[in-house]
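Following the hints, put chain B in place on chain A, whose structure we already have.
Chain by chain, the residues:
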Amino acid sequence: MNSKPLLWKFVLIGVVIAGSIFASYPPKDKVNLGLDLQGGLHILLKVDTMSAVKNEMDNRVTYLGNAMTESGLAGTPVPDYAAGAIELRGTDPVRESEVRELIDRQVGSWDIAKTSPGVFRFTIPSRYRTEIETNAVTGSIETLRNRVDALGVSEPVIAKQGRDGDHILVQLPGVEDLEKFRKIIVAPAKLEWKQMTYPPGVNAYQPPPSREAVVALFGGTVPEDTELFPQKSIGADGNEVSVWWPLKRVSTVAGSDLRNAYRNVDEWQDPVVAFDLNPEAADRFETATQANIGKVMAILLDKEVISAPRIESKIRNSGIIRGGFTIESADALSLQLRSGSIPADISVEEEWAVGPSLGRDSIRSGVSALLASFVGVMLFMVVYYRRSGINAVVALALNIVLVFGVLAALPFLFKGARATLTLPGIAGLILTIGMAVDSNVLIFERIREELSQGKTIRSAIEQGFSKAFSTILDCNVTTLVAAFFLFSYGTGPVKGFAVTLTIGLLASMFTAVFVSRQIFELFLRARSDAETLSI
Amino acid sequence: MFRIIKNPSFNFMGKRKVLLSVSLVMVLVAIGLLAFRGLNQGIEFTGGTQLQIQFAEPPDVPTIRQSLTDAGLSGSQVTTIGDAAKNEVVIRLPSAGDTAADDEQGAAAFAALRRQLGVVGEGGNDLNIVDSSMLVSKLSGIAGAESTAQSIADGIQELRKDGAIFRSFDELKAVPGMTDEALEVLKTDMTLGPLSLRKRSYVGPAVGQELIRKTLAAIAGSLVGLLLYIWIRFQLQWGFAAVVALAHDTLITLGLFALFRQEMSLAVVAAFLTLVGYSVNDTVVVFDRIRENLRNRGAESIETTINRSINQTLARTIITSGLTWVVVLALFVFGGAALRPFAFVLTVGVVVGTYSSICVASPFLILWSEFLAKRRGAAATKVPVRGAG
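For the record, the sequence lines run as chains A and B.
Note that the first sequence covers residues 2 to 536 in this note's numbering.
Note that the second sequence covers residues 46 to 434 in this note's numbering.
Only chain B is shown next, with the shape it has when bound in the complex:
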């Protein structure tokens, strides 16, 4: 039988003051990071336009910034995104106040990029932009039925879905059913633009505020919901301990999130809410065992019982968290640029959450009992447990 650790007997509770101090320092650092570095809020919260653009050639970010500034879009942010081989950048334009103005800004940004790369005209003939109905009308002059034009147009779109951007007309030879004649028509009638729009997102200026309110409501709602659940299943004191651990996990993860300038989005909020659920989940595994052992601890001190419980569950805590961590790490590495901030939260959060179940939530249980006992002027001897006499 494989064992991660054989019969562990760490004295976690004996070092609870050290552990809690370490956590307190980390939380303070995280709050500092949040206050001074700030969160990189995505357009869902700030409002504005975001364009994800793929270039045929590696883009030069400073030049793009310059041409956007020249076009009067000085508040824009330009960053590269994803796999470097894809030549992609994301351009973020702050909201200009209303839909029409924002619309014009987006169009102006796209036009500025096209100008910078030396493209003139509206793009109606750009093979990297047009849709298949336009392709069909261009190809309708070629020999054969209209269905030939349609199937070639579909083939081109299919290829575009895979490669996203054409750099040379020769790439079109891979289209099934492509004829020399059709290729000739395309070569004469169409151009190959140097960029294509991969994604455009827009959020109106009024929506962000509403979203922030809803986000806070959702987080508060789930905290209260979990507190209630643990209160029912355990006792109020346990609920507080779990929520303290939870706040600890969320704050530290948020701090690291700010440190690494990850972008806050709706999906990231979802990740945080999931983390909230997971972190409690992990705490519950430990609490469950503590409760079980408290019910028949005999003359053992609370400290010993909690230590024993943590050590008993240590292997499974490490394994379950480890497996979840493997999964979110896979998401972080392979999940693509769009999911990276989401996966970041969980990759960090699972580690912090596991730590806090053992080193924050459990010590806090004792701390609370000690605090109550001190007020009565006695030594802490018990933690309330449902179902125990």
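Isolated chain A, as found in the complex:
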């Protein structure tokens, strides 16, 4: 054998090591740390697309209702959510052509049917429905992105997820005040102004503490255009109490009509949220407030009344909202209003918020476990296998370097792959040490066996490697099979574990088998007359 192939093999090894170090050094900048290690917020949201359809129906009901009132036409639009339809009841059959015209203008794209005299029913076409559902997700992402940008988080992840495309993943690394951020991000922040329906004979309404009491005021049935909404507060005993308001189903103005919102103070220096309306909504607001001076116009946030002021004079394009705000909560609401409300109901499916100090502790304990296991394995190998043990330790150290290198290079190798080191990932790396060294042990034990059968050093090494190889392959494949199922099963951190374990095992095939073999080869070249092998 000439020395050329060996030289090239070492060049290859050198290139791989240099590449790994280049890709991953300094690890602080090159290896992406998972949220569990650097701290931050991870939220998996599910968008209730049905609610977006409901919202759209509510909006149509609002616009249609407003348009009917403006044109002086009788009739009440009533949504039938389950069927995806709105029924317009009680219209004047005499003015049907006017009603028809108005319907065409408001919901012309819907399937319209006249079900009985004076009653019309419009159903959302399915194509349009799908569009609403898709827009609900993209719109929610848009709003979330606005909020996150306004909060100034660096390198956020906001992405659609899941097979049905109705999940959104939000990851905000390095966030410090966990509670504050999550509150701002997750709240729908749907703001509405609603006029009150006064119960018959009531002029000064005192909201009673139960729904039933309100219903009783109406003599048993609440009018069709009215819904009951709670106003919550903390009572004297520290417990939450609710009072109830009968409000129009149709909102006069909604958060989407706002042009701007910001924190301000009122005459008592209490924080309030000030707002400007866009011109079109300003007209609506002016008409409504002028017609209802002295009456209550409630302000609702996420379907709860936050304040119910009496209209003192007509309001056109700007105003304030009082709601017992603190500076922080007024800031938060203004930010949410500026970035828009989330167009559908969302629920949190899974969330973890890791404080930065916990992340650092995890890194520390992960690193000490890594060192302890490496030292433990190293000691054993060197004591038990002597100089061959050193060979194994070198291979093992290379293995770790290689794992880091591949982890750092993964995004370049596979487009879109985001390799991050998580706490379970560190566990995977540590486990890799244990499993990679197994390969060395299998080889060394085999070499020992061959030596004890009286083989020469060279043939013992050759036989040892080749006979152990099929066992090593079997071992690694079985673990890889398990890792594959782990990867397809797990979320975030568990995937991180599966990835590091897989990379580690593949790397060990290179280091424990190939590199270690070349080191023996080098020894055989240097000491071709050697009669004993330190193993």
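No wet-lab data here; the hints were simulated from the structure.
Note that the Cβ used here is the ideal one computed from N, Cα and C, for glycine as well.
Hints are not guaranteed to be accurate.
[To be verified] Okay, derived cross-link-like pairs now, EDC-like style, lysine to aspartate or glutamate, Cα gap no bigger than 16 Å in a straight line:
no. : chain 1 : residue 1 : chain 2 : residue 2
1   : A       : LYS184    : B       : GLU229
2   : B       : LYS183    : B       : ASP148
3   : B       : LYS183    : A       : GLU329
4   : A       : LYS233    : B       : GLU149
[To be verified] Residues on chain A that point at chain B, a partial pick, calculated with CB under 8 Å:
no. : residue
5   : GLY119
6   : GLU132
7   : ASP178
8   : ALA217
9   : PHE219
10  : GLY220
11  : VAL223
12  : SER366
13  : SER369
14  : ILE434
15  : MET436
16  : GLU446
17  : SER471
18  : PRO494
19  : SER529
Positioned in the frame of chain A, the structure of chain B alone reads:
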């Protein structure tokens, strides 16, 4: 040359009935433990909120329980976690049914703790809670450019990352660039709350069921995958033997897991799947040698061949398992509280898995042959091997 054992010649197969009986008893005990003690399922499976909170002073768990109960959170569990010097507890709140209600519960629990420790207000001024943008705005009044305020705020956050909780304003003197003036501002404007939130986890009520389904699918998938692999590499009979050993390892480890009330989480499922892989891996090392020896065993009985194979591989089995065990033990001891249940599974599993390769999988090979032979009314003489005539 160091040897763990010199030329071992244990008669494992001769005692196979004893060994299998011992394993059977252990598996039954484990099933009993699972049935009667039950698994301590984490919120990933049950849904709910989990708060990990660090206190400035050693927390009194019964008092915390009481104040949570007083706040109407009677289903909550409180346990201490990690290094005792860190004063940390974990509070688990079962799901109240929907996100909004769960959200309120979490906030109520945090508020109850703050009340119990005599803190009033929202925490907007709490130096152990606020983020750096808030700190900067507090410090913006001090002399020097805005960058001074920023760098001090960053320094405070950095220190907080290391120590997690401040007990006295004097600790802030360690912040690089801290001035007397800034310290004075902080002392007057801010408070030092007695607790800080280290981690908050929440899983919605609907997710857990889905996860249990996925977990079972992943475990079943990997079992079938491994069975197939061994079938291809060896023979179906070997695959069954390996899977029996596997079930044995998983059940016994699960039983001990239940016994020690370790918490079941996604990471633990990952550990179990890894154990599945490792356990087969260990079995394969022994099987590999058995197969090799079966191919040229001559007139030797199966029993002798298997015994010889196990003894030949005994040293390496002990060493490889021992090394893996050292590694997972290091993980268990040094890896921190978060990884402990994960490391527990592997620390126990590696031992059980090694035992089963020798004392369950191999005897089962013979048992199967005997069973087949009995049906034909003959003595067991062979184990099918790929590649052998």
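Given PHE219/A as an interface hint, is its Cβ closer than 8 Å to any Cβ of chain B?
At about 28 Å, which exceeds the 8 Å cut-off, the nearest Cβ of chain B leaves the hint on PHE219/A violated.
Does GLY119/A meet its interface restraint, that is, does its C-beta lie within less than 8 Å of any C-beta in chain B?
40 Å, violated
Verify the interface restraint on ILE434/A: the C-beta must sit less than 8 Å from at least one C-beta of chain B.
OK, holds: ILE434/A within 8 Å of chain B, min 6 Å.
Please work out if LYS233/A and GLU149/B have their alpha carbons no farther apart than 16 Å.
13 Å, holds
For the pair supplied as a hint, LYS183/B and ASP148/B, is the alpha-carbon distance within the 16 Å limit?
Violated, at roughly 29 Å.
With a cut-off of 16 Å on the C-alpha distance, tell me whether LYS184/A and GLU229/B pass.
Violated: LYS184/A and GLU229/B sit about 31 Å apart, past 16 Å.
With 8 Å as the cut and Cβ atoms as the points, is ALA217/A at the interface with chain B?
Constraint on ALA217/A not satisfied, violated at 28 Å.
Restraint: GLY220/A near chain B, CB-CB cut 8 Å. Satisfied or not?
Since chain B brings no Cβ nearer than about 32 Å to GLY220/A, farther than 8 Å, the hint is violated.
Quick one, is the SER471/A hint okay against chain B at 8 Å, beta carbons?
7 Å, holds
Classify the hint on MET436/A as holds or violated, based on whether any CB of chain B lies nearer than 8 Å to its CB.
7 Å, holds
Agreement of hint SER369/A with chain B interface, Cβ distance less than 8 Å
4 Å, holds
Interface hint compliance - GLU132/A to chain B, C-beta minimum distance less than 8 Å:
26 Å, violated
The earlier numbered hints that this structure contradicts are 1, 2, 5, 6, 8, 9, 10, 11, 19.
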